[in-house]
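Participant: Protein sequence lines, in the order shown, are assigned to chains A and B. For the first sequence, the numbering used here begins at 1 and goes up steadily by one. For the second sequence, the numbering used here begins at 1051 and goes up steadily by one.
A hint or two may mislead.
[Stated by the list, open to error] In the DSSO-like style, the derived pairs of lysine-lysine whose C-alpha atoms are separated by at most 30 Å in a straight line are:
1. Lys1068(B) x Lys617(A)
2. Lys619(A) x Lys1087(B)
3. Lys1145(B) x Lys852(A)
Hints in this document: simulated from the structure, not taken from any laboratory.
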Amino acid sequence: MIKRSVLFILLLLAHLSLMAQNQVTGVINDPGGQAMSGVTVIVKGTSTGTLTNVDGKFTLPVPAGSTTLLFSFIGFISQEVEINGRSVINVTLAEAMTQIDEIVVVGYGSLKKKLVTGATVQVKGDAIQKLSTISPMTALQGQTPGLSIIKTTGEPGAGFKVNIRGMGTIGNSQPLYVIDGVPGGNIDYLSSADIESIDVLKDAASSAIYGSRGGNGVILVTTKKGVKPMTGAKANITYDGSFGWQNLYKKLPMMNALDYSNILQEARVNSGLPLLDFASLVPDWASIQSGAWKGTDWLDQLTVKNAPISSNAINIFGGSELATYSMGVSHSNQEGIIGKPVQSQYERYTFRLNSDFTIIKDKTNTWNVLKIGETLRYMFSNRNGIGTGNQYWNDVFSAIVTSPFLPMDAVDNTDLAYPYHFAIPLNPQESNPIASMVYNRGQNVNKNHNLNGSLYLELQPVRNLIYRSSFGFNMSAGSYRAYTPVYNLSATAFRTLDQVDHNMNVGLNWTFENTLTYNLKLGSDHAITALVGTSAERSGLGESISGSNQNSLFPDFEHAYLDNTKIVYADGKTTLGSSPWGIGGLLSYFGRLSYTFREKYMATAILRADASSNFAKGKRWGYFPSFSAGWVVSEEPLLQNLKGKLDFLKLRASWGQNGNQAISPFQYLATISFNNVNYFFGGDKGIVLTGGFPNILPNPDVTWETGDMLNIGFDARFLRSKLSAEFDWYNRTTFNWLVNPSQLASYGTGSPYINGGDVSNKGVELALTWNDNAGMVAYSFNVNASYNKNEVTRIDNNEKIFHGPGNVLGQGTDELYRAQVGFPIGYFWGYKTAGVFQTEAEVAAYTNSAGKIIQPTSVAGDLKFVDTNGDGQIDFNDKVMIGDPNPDVILGLNFSVAFKGLDLSLMSNGAFGQQIARSWRRWADSPLNNYTTDIFNRWHGEGSSNKYPRLTYGSNINWQYNSDIFIENADYLRISNITIGYDLKRLIKAIPLTQARFFVTFQNLYTFTKYSGMDPEIGTSSTNDSWAKGIDIGYYPSPRTFLVGASLKF
Amino acid sequence: MKKIFLFILIGAVFAGCKESFLDTVPLTQKTNVDFYKTPGDMAQALTAAYVTLVSVPEGSILNAYPFAISEMMSDDRFGGGGDNDRMPRAICDFKIDDPNMYGGAWVRYYQGIFRCNMLIENIAKPVWTSDAQKGAVEGQARFLRAYFYFDMARMFGEVPLILETKPQNLPKAPATEIYAQIATDLKSAIEAFPNVPYGPALFADMGRANRWNAEALMARVFLFYTGYYETADLPLVGGGSVTKAEVITWLEECRDQSGYHLMPEFRNLWPYSVANAANSGKPYKFAVDNSLSWYGETGNNYESMFALKFSTFAAWSTSIYYSNQMDLFFGWRAYSYKGAMGEGWGFGTVNKTLWDAWPDADIRKRGSICKVDDPAEGIDATYGLGVDLHDKQMDETGYWQKKYRPVNIWANSTATPPVLEWHNYSVTFYNATKNMQLDNMQDIVLIRFADVLLMHSELTQTAAGMNLVRLRVGLAPVAYSLDALKAERRYELAFEGVRYYDLLRWAGKSNLAVVKTILEGKNGVATINNGVPGVKKGVEFRVETGGFLQIPNREVALSQGILVQNPGWETGTAPLYTFTSR
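All chains, full assembly: derive it from the sequences and hints.
Facilitator: Structure, rendered in structure tokens:
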């Protein structure tokens, strides 16, 4: 402020001393169309200049011979404009996206971005909110290099798989969320409107301050705080709301009834079976045959058109000199595009209140001696969903595979399955998948309450010393209630007694932290900041209770309470359980020392010591050091003359260690388990004797998983900061990977976790942003890309493998994915193929080097499997890596443009180099499953296809072996968000608002991909393994959404 | 001033927590520190050892029950199953379908052994109320350990002999050592068990091992070991041996003092006989025509000596093994809830040659085998023998064993109001939930009194025991001969898990070519695969394997070369089960 006044006076003096010459006037606007006051306008090459007034206007006499005006304002990109003899020059200044004076959040403090020495990235709340997504995580996709965010499913309220710089473990690989300084939060509890900023700590040096839990990176979320209003005592009120419609982006092309019947008959002929007599086995066969009825398209039956979505958020913030507040309420509701008539749904209410109070000011009134404050957030959500799991618990899969012959509705009420159609004679065991979903998964509700926040006190007895004490807590309560009615859908799908399920839980975690920060300035050159702190944390203070019973007095969901089931059964129909949550504790000491020299050379050292209750005494403590340094090269005198070309260049290097303690507790004890070891002596099958056995061999040595990362990068801005670049290279290794590897079965009991492996992730990240304007149009373009290579480098057992399960792609199929030394985590393991045998001669000619016929029992039309080990036979020893679900490159491309009150942005994100394993039918044991139309590419005669083998009516290795015919490349680039907004205030000045922006948004508008499924972004494996992904057996896709909305500022 | 503040605040920051803050204890689990202290703890530990007899299903490998495996390997049955169930057919063919196909048995049995070792190590810890109480627990633990090792040794030949709970990576023990341990455990068990005859007081203990079980198992071990390994005696740990005379003495004690005896009607031992009175509306013709009435499993079946027990508590995700999986395996595919014979997975179809060889006059023939088109069975013609819609049944012969299979009755459902329906008898009898995969809970009788009589005949080479067994089914007495004894065992104990091992021991390890001939005789028998008629092919018994199975390759790999794969089963040597490409 002082500087600006001095400049003003100087300019004024200069002005007076000059003769009046050509007069240039104009108005300066920001990209939103607001007039900007205080913008410096200078005639290039002279000392002539002025500032714009409150209306953004300037008037400046230009000396003869001058050709260019220079406009500059803090936070905006400086602009040069040729005068070209004009007397009116209006300019729109573009905001500088990367700001050196920007403050970023680091653990236990914040820092000028210019001084950051680690690899961190910040995303502003505004940028997130503009995308109008229900979860902030969706909005983060494609915005930051090195951060992989994949939806587990597209179902409303479904979670995300978030990995920072690759997967370091097959255990918990999710980053640590720290919300307003409280570790262990959950970002799903926040509305996008609550968020001020999100900072991602990517390198170990940055996350080392979170020690034992920083191993997977840290995401720091800061919620909106109050500010003292600029004028008067008026609070700021904002409203953001939108509503819209969601639809299926792409449907799987299922075969209609007639095509299906032909394919079935072909398979039977190939298997030497007589043709099926559809007339006697399929109802209304005549109209199928004539083409009058196409059969039931079960996916259509399941799909909801124009599923509504809405969200509304109000934020109020303001304050006075000594107290500020910020509060927000929001409601959002999203219905699913799949699951008709049950409908998956997610509804969420949030409330937030943050306030800060200054209690004592120092005598000179320049700093706060005592400050207290709080953050408080409440969230209530209501969620119900359909089955999205494995092939036995997946409603999308059921709809895909069910025969189109089966009609949806009963002909009349004599149907056993009324109002649905009972199974047809062709397949008496196959039930109506919609009915099965309605009955088994249709009547339930999941409610969650979450109250979290913190209280803090900040004491600054002398100017440079700040003591901060904060207590954070996270309370949660939830309930689940479900009703399953009596039904009869097929020979095997029936239920004779209805069931009521009811579970509840309540729990608490707390964190108590104390830190002391000391800022020391030695002269004008040296600045030192020292931080020491302690933290104590308790988690798992909670309990759950659950019960289920059968035979309800009221046959409906509304009355589905255990009180209405009066009979207590001794034989297992009645179940009751209650358990404590696993209590855990963490005790920590940490310190950070930062040094800067003229803001040119920076160095930081961090040490954190953590002790966790998950380990035995003596193995509890872990020490996590880190060092980082930065050099702002552009501050060097030698480079000063490059200003305007190279405006800023900072080189960064960091090394650090952090940890992961996420295992079940008590691995150091031989615990006695009482689960599933009952036995039943005597003649009564309903009397249980409970057994107990040591379920693990104790491992008293189990301790931290340690992450170690080296990071080298630079931040640079070029061409008057129009172009900014951030680059990082990293080498991340997870040591002492906490794993539960196979051990000899003859040990007789389970294996404990051991520190038994290493994982390596190496990669580079690059973000480039171009910010500029063309006259009144301000635009920016951002591309960010990251490359990561994941490899398991050590597993401490003789096999060197962690196995995935079988039966994933279909019943009776082998292990599909695994983690193995030398390969990426979760790679797909199976047979390579080399096309289809076209003739018997090709079968006979397919020999190994010794002349042995490799597939002697094969016939024309069978798959040619690759004999990778050359032993002349195809067996499990020939299985190799046939795909990798981990992308090589993730990419974000973002573009935005503003003109007067109009704004447009386009966001896209993509992933490249990964594969998906997919199967939309159970080949072997279900010959009557429906097919997608790509089965037209099957072999059916010499030369007909070299892609898919012939069809058979039953098991055949062609379709039973996990082979590369089930693997597809899944590269994609998704136009994830296009938003067009206009601020009506620009048109109608009379509106009593400071902003009245209306917008339309298209989410998931278009996806460039060759993947044939409904959605290439698949974060699930349909199994219980969180480390597996990219498996599509009927994936719940993300919707394509059209939203209209408004954001108003009062 | 500044420094004072600094010190005070640093003090404030670091004041507080002690590491004891981190001490936590498990609240829903005991630990080895506080377990094995009371007779109650020991009872729980023992229960957990029993459950490993049935908790064999491991992951996706559901089929590796020693009982079921031995049946499918025998000459009386094929693999069968659905088109997609490769494993039963691989077992039948002595081929490899999965590198760990017998992992379930290997893993669970070693768990059982570990739990027995734990019990035996801690047997002196609790304060026992009586020596009899301690003896019963120790006897059961030793019996179970012997049982597990005997099954392991019959299946795999030589296996690591683990007798302590501390983790040990041991090589295979020689057969003599394993059998010495088995014999020693059984001998100790016989001595430890109280001498109480079976009767109503022990009904609640059905399923628990007792003195009589130990004596019978000793005879079975003796016969197998001396037969297969071609020796006279059974060794004991630390020298000495169990002689044939001792075994006979124990068997006679069992025969005369145990309280067990033959029941009068052979067919009433099996649940199909229940389908007479219980389902008056739609009775099972065979049961009605022969006036059958099941003895049930409440205790008064004095022929059932040691049985696997099942219950109504089975659940898919956690504990399918609480229900009888063998019944499920051995039921026919599809054709569900249309009659007394219930649906299953279609494993272990019966070899027609057994039916052909078996004299019609023997009531055990139709009492053990259901020929689907036999008028005596009264099975609906819509059963559709050989029709491929029969849910892809493989190795279909039209002959099904009926000792262990799902049995339905026509009875009131549990719905309100009830309606008449077909369901497993356990729904009516035990209040089970109707579910064809989980509602079988028939006992699997591992030791039946008839076997005691037959073993006694075989060991003493006298006909008395045999003839009691024959008399019960109305057959005339015969003079003792080994051939007569062999035939009697085949018919009396058909489908009860003993046939394959009988073949091995009667041949002896130096004479396994005989077994090869018998088993490969299955090739060429007419079978129908998924509706396509053909003949069985692919059974390949290799003498070099000794009749033993492949050790799970995973275990061989994990042992770092200490555990050596069985002969003939090394990777590259082991024949692979391949699909019949159709």
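Participant: Please go over all the hints and tell whether each is borne out by the structure.
Facilitator: Status of each hint after checking the structure:
| no. | hint | verdict |
| --- | --- | --- |
| 1 | Lys1068(B) x Lys617(A) | 13 Å, holds |
| 2 | Lys619(A) x Lys1087(B) | 29 Å, holds |
| 3 | Lys1145(B) x Lys852(A) | 20 Å, holds |
Violated hints: none; the structure is consistent with every hint.
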